[in-house]
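Chain residues, written in single-letter form:
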Amino acid sequence: MGVQTPTRRGFVAGLAAGAAGLAIGFRLDARAQQAAPVGPPMLRANPKLDSWVRITPDGRIVVLTGRVELGQGVLTAMRQIAAEELDVAPARLELISGDTAETANEGVTAGSQSIKFGGEALAVACADARATLVTAAAETWGVERAALSVTDGVIEGIGGRRMTYAEAASLVSLVRPVNLAAQRKPPHAGTIIGTSLPRTDIPAKVFGQQVFIHDLRPEGMLFGAVARPPAYAARLVSLDMGWAESLPGVVKVVRDGSFIGVIARREEQANDAAHRITAAAQWRDGEAIFGGKGVFEHLKTQPALTRTIHSKDAPAAAAARTHVAEYRRGFQAHASIGASCALATFEDGRLTVWSHAQGPFPLRGDLARGLRMDPAAIRVIHAQGSGCYGHNGADDVALDAALLARAMPGRPIRVHWTHEEEMVWEPWGSAMVVKLEAAMRADGSIASWGHDVWSFPHSTRPGDRVGCNLRSAWYLENPVPPSPIVDGALPNGASARNAVPIYDFPGQRVTTHFHTAMPVRTSALRTLGGYFNAVAAEMFIDECAAIAGVDPVAYRIRHLADQRLVAVLRKAVEISFWQPRPVVMGRGNAQGARLVGTGVGMTKYKNSDSHVAVVARVSVDPATGVVKLEKMWAATEAGRAINPDGIANQIEGGMVQAASWTLLEEGRWDRNRMVSEDYHAYPIIDFDRIPPIESVLIDRPDLPSLGVGEGSQGPTGAAIANAILDATGRRVPEIPFTPERVLAALRA
Amino acid sequence: MLRITVNGRATEVDADPATPLIYVLRNDLALNGPKLGCGRAQCGACTVLVDGHAARSCQVKLGDVAGAQQVTTLEGLGTPEAPHALQAAFIAEQAAQCGYCTSGMIMQAAALLAEKRAALTEAQVAEALDHNLCRCGTQPRIVRAVMRASRQQGA
Ligand code: FES
Ligand code: FES
Chain A
36 MGVQTPTRRG
46 FVAGLAAGAA
56 GLAIGFRLDA
66 RAQQAAPVGP
76 PMLRANPKLD
86 SWVRITPDGR
96 IVVLTGRVEL
106 GQGVLTAMRQ
116 IAAEELDVAP
126 ARLELISGDT
136 AETANEGVTA
146 GSQSIKFGGE
156 ALAVACADAR
166 ATLVTAAAET
176 WGVERAALSV
186 TDGVIEGIGG
196 RRMTYAEAAS
206 LVSLVRPVNL
216 AAQRKPPHAG
226 TIIGTSLPRT
236 DIPAKVFGQQ
246 VFIHDLRPEG
256 MLFGAVARPP
266 AYAARLVSLD
276 MGWAESLPGV
286 VKVVRDGSFI
296 GVIARREEQA
306 NDAAHRITAA
316 AQWRDGEAIF
326 GGKGVFEHLK
336 TQPALTRTIH
346 SKDAPAAAAA
356 RTHVAEYRRG
366 FQAHASIGAS
376 CALATFEDGR
386 LTVWSHAQGP
396 FPLRGDLARG
406 LRMDPAAIRV
416 IHAQGSGCYG
426 HNGADDVALD
436 AALLARAMPG
446 RPIRVHWTHE
456 EEMVWEPWGS
466 AMVVKLEAAM
476 RADGSIASWG
486 HDVWSFPHST
496 RPGDRVGCNL
506 RSAWYLENPV
516 PPSPIVDGAL
526 PNGASARNAV
536 PIYDFPGQRV
546 TTHFHTAMPV
556 RTSALRTLGG
566 YFNAVAAEMF
576 IDECAAIAGV
586 DPVAYRIRHL
596 ADQRLVAVLR
606 KAVEISFWQP
616 RPVVMGRGNA
626 QGARLVGTGV
636 GMTKYKNSDS
646 HVAVVARVSV
656 DPATGVVKLE
666 KMWAATEAGR
676 AINPDGIANQ
686 IEGGMVQAAS
696 WTLLEEGRWD
706 RNRMVSEDYH
716 AYPIIDFDRI
726 PPIESVLIDR
736 PDLPSLGVGE
746 GSQGPTGAAI
756 ANAILDATGR
766 RVPEIPFTPE
776 RVLAALRA
Chain B
59 MLRITVNGRA
69 TEVDADPATP
79 LIYVLRNDLA
89 LNGPKLGCGR
99 AQCGACTVLV
109 DGHAARSCQV
119 KLGDVAGAQQ
129 VTTLEGLGTP
139 EAPHALQAAF
149 IAEQAAQCGY
159 CTSGMIMQAA
169 ALLAEKRAAL
179 TEAQVAEALD
189 HNLCRCGTQP
199 RIVRAVMRAS
209 RQQGA
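Order-wise, the sequence lines are chains A and B.
First residue of the first sequence: 36, per the working numbering; consecutive thereafter.
First residue of the second sequence: 59, per the working numbering; consecutive thereafter.
Chain B on its own, in the form it takes in the complex:
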């Protein structure tokens, strides 16, 4: 049994410490936010925050985050009643088509917003998200949504 803390809640998980975290989050903890994409650190769909930093949960092992680390998924960012600025902005900009990449985009952007308090430029957003893929082609909307959230955060 390994103890991990996800979205502020500690849980015991009965799995091999070498298990990629994505499977634990999705299948053991029944979280829908982090998505399994390439499984090879190439798409970013599985991005979560570990102690506030963006991490690819298909690469992080369960054992790596057992103990004191804080894992945050899309579910832990905000709720419909109290959305995170990015969640509200993605809705406002209608920044999705299928939405499969959405969680990874929001988590990667959340790390960016947490790091950079100053006003972001579109180029900075594009650079920060450059390794998150969207096959539907909603990148322009995603950039607009992150810019909107960043302005809100600055306000």
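Same shape as in the complex, but just chain A:
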């Protein structure tokens, strides 16, 4: 393909394997499959069998997935799923992922949905391919299908007959719609799913092989950087272009409205020039962020869209008392270790972009609108980046690279944001306020529950039909405005994710107060609103339990109808040797010079995914307010486990990250922009603060696989919060639980 730029050192090879013209299908088959009304939704949307699995004449077995590797191990899990259904050794499969020219359009890899939806679709497609190939062999040999077996891609019959998949594929067509009714192997017949197959991407990462987008270095590549305005609202008045182009190493300066991009021979020269240009250019100032007020005040007082999105009437009963409480969380960042990066080439009117964004197809659409190009002239190919945990700068930087590449046809341009740029210009996770109210009966149980949430958007990703959600598009001479902002609807929800109670309260109400204006741009941070809604709700139920004078675990079980949640709760209690006792408000638990406490938190992520219960033990220094994590335990149930070690890695990693959010993380801003621009200003957890973690998995091979990637965040935050409540006897209503806030609560 024209866009396959001259390569060196294996550029592209490992990253877009198969892109260069795979031979597919050998006989066109006009017999269109009657679409059955069943089958995985992802397959119904992408019904071409060859966009999921291909057998080449030379015997390669290629599996394709629209899902992309984010460090969560999804490609290893997909390999297991495909290998299981095809009866091929996992190592034999070639995988292609996230390429708009090759794979199915699976939207974004997010929301813990890859296995549940993408995995199910891939499994059915592979089951269809296997059945078709075995049937071809059976017909050729004139035997029953049931008499044949498959070992590592070779069909075997009685009397030592053998036929490879490639041979069988030459007898039929695999270029046709998928048979949506194809039957997967029954779980008990599986030998690969459910095992901890080692991650296939880890060896390359420990030997320093070319893995990341940052490692792509095509011949002739130049380096790009963007000279950012001094404030989100600032616009360019003037710039001495001649001076800018004379800066060391600069090859070209691209100005389009208030967008200024630099192309230089060396990376550090591009960055240096961009900094100097920002400082030297003349900018027109905009309005101060939040009018100079605090964000919580802004959320509570500025106009918002108020809607009650869930309600259930309680049978009339006398409430003996009510409890009301409010909780707050500031802005939090993705804070990836490697900043966002993209590589683009523009040749003969066609644009190719290598990107670590979570959704190659949605990104292509927004690139097309931002660049005012035909999407058919754009190809987006996924290459791995640093872990992103949601919508960070990955999409934005792709437009930056594309704008520069278009200004220099034929030259690959790589843009790698600086960490400061990422922290200031990426979308942040929204600040939120949650207010809870409960009507309690005389016996202390909860009759009705109300959950109000004030929030900015949690998804302003690319992927709408109009507008462009790539930041630089808003700064162009002829700007492309962002897409209309909507809050995600239930059952998944966005600002109200996990606001619907997991408990069986007779009366329930969830109301959102949604802000579409974003003085600080916000978007998806792992779990969207789920983490904070769950933390607030779980803190609140502990307070209700304390009022009722009941042990927090017993109090939860009293209100739980969902037996899967009861099972993880009991398991977490068992492995942590939970000591049943009521929490007493106003009374801490002193042990020597410290206050110690244990807390529990649990969720069913998105009210439909993994079930996770976490127990945390903390100690608090009453003199300083410093919280130390002593130990954390987790119990997880996510239906049929594809790769138990992969699940453990996600759950434990999520616990560490959530501990960091809960104890340390909060973004700050001045009148111009976010100012928490490095790891000093925005610290994240380090080795010292991470306690021992013990986690167990309850496997349910009899139930469909559920997403786990975001399952432990909410329960972990809640368990830590409740452990602090237990230790201090005081409410600390604002995350993160900094020493100052804990101390203030102790002294209140």
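Certain hints may be false.
Claimed, not checked - Here's a subset of chain A near chain B, in silico, CB distances under 8 Å, partners left out: (1) R234; (2) I237; (3) K240; (4) G422; (5) G688; (6) D721; (7) D723.
As the list claims (entries may be wrong) - Straight-line alpha carbon distances no greater than 30 Å define the calculated BS3-like cross-link-like pairs of lysine-lysine that follow: (8) K287/A - K119/B; (9) K335/A - K470/A; (10) K606/A - K666/A; (11) K174/B - K666/A; (12) K663/A - K174/B.
What the hints assert, rightly or not - Derived DEER-like restraints, expressed as beta-carbon distance ranges: (13) R319/A - A172/B: 52 to 58 Å; (14) D109/B - S184/A: 57 to 63 Å; (15) T659/A - A172/B: 32 to 38 Å; (16) H111/B - P679/A: 35 to 41 Å; (17) A172/B - P615/A: 48 to 54 Å; (18) A88/B - P514/A: 35 to 41 Å; (19) A323/A - A172/B: 49 to 55 Å; (20) T137/B - A783/A: 58 to 64 Å; (21) T186/A - E139/B: 27 to 33 Å; (22) R127/A - T137/B: 20 to 26 Å; (23) D291/A - A88/B: 29 to 35 Å; (24) R127/A - E139/B: 18 to 24 Å.
Simulated from the structure, these hints should not be mistaken for lab results.
Just so you know, even glycine gets a beta-carbon here, dropped at the ideal spot from N, CA and C.
Assemble chain B with the ligands onto chain A, guided by the hints.
The following block gives chain B with the ligands in isolation, referenced to the frame of chain A:
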């Protein structure tokens, strides 16, 4: 032209002596191991060994290592055929998610293992790696991997 020795091989580099070493390693020498993270000595992703000591290549200048110094990156530690004990241990413990921090973790740990021949404790490992950040939360696995490599080295 400046002469530097990386992974045992001497090379001439045409760049300003004030250039941070990370750019030279990644862009001039096409090494993938050292990663550019914060660029401010805060994350450790760029860690390499200079004469056996862990150094942050975003802070070291090209001119600082020109001459007799020996720079070692992840690539110089071991290969798939002959992995360093730490590389084998990181695979065995599956001690990564995205793997962006991995090179820095391994290099920092390599310096620790080279220094301390005696059996390490988990607390010593955590202390030595405390200024290396991992956003994916794989620290518990990383500690296990370093402990495993240390036991192997002791054996
Ligand atoms: S990149 Fe050098 S310490 Fe972060
Ligand atoms: S594994 Fe992703 S940053 Fe450490």
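Does R234/A pass the interface check with chain B, least Cβ-Cβ distance below 8 Å? Hint holds; R234/A Cβ to chain B Cβ min 6 Å, cut 8 Å.
Sort out whether K119/B lies within 30 Å of K287/A, counting only the CA atoms. holds, 26 Å
Just to be sure I understand the hint, the distance between the Cβ atoms of A88/B and P514/A should be within 35 to 41 Å; is that true here? Since A88/B and P514/A have Cβ atoms about 38 Å apart, the given range 35 to 41 Å holds.
Quick check on the hint: K240/A CB to chain B CB, less than 8 Å? holds, 3 Å
Using the Cβ atoms, figure out if H111/B sits within 35 to 41 Å of P679/A. For H111/B and P679/A the Cβ distance comes to about 39 Å; the hint holds.
Taking 30 Å as the top limit, are the C-alpha atoms of K606/A and K666/A close enough? Holds, because 16 Å separates the two Cα atoms, which is no more than 30 Å.
K335/A and K470/A were given as a pair; does the straight-line alpha-carbon distance stay at or below 30 Å? holds, 11 Å
Holds or violated: the 58 to 64 Å window for the beta-carbon distance between T137/B and A783/A? Because 60 Å falls inside the window, the suggested range holds.
Using the nearest Cβ pair, does D723/A come within less than 8 Å of chain B? holds, 5 Å
Whether the CB-CB distance between R127/A and E139/B falls inside 18 to 24 Å: About 22 Å separates the Cβ atoms of R127/A and E139/B, which means 18 to 24 Å holds.
Return holds or violated for the Cβ distance of D291/A and A88/B against the range 29 to 35 Å. holds, 32 Å
Taking the CB of D109/B and the CB of S184/A, does the distance hold inside 57 to 63 Å? This hint holds: roughly 59 Å between Cβ atoms.
Of the numbered hints given earlier, the model fails none.
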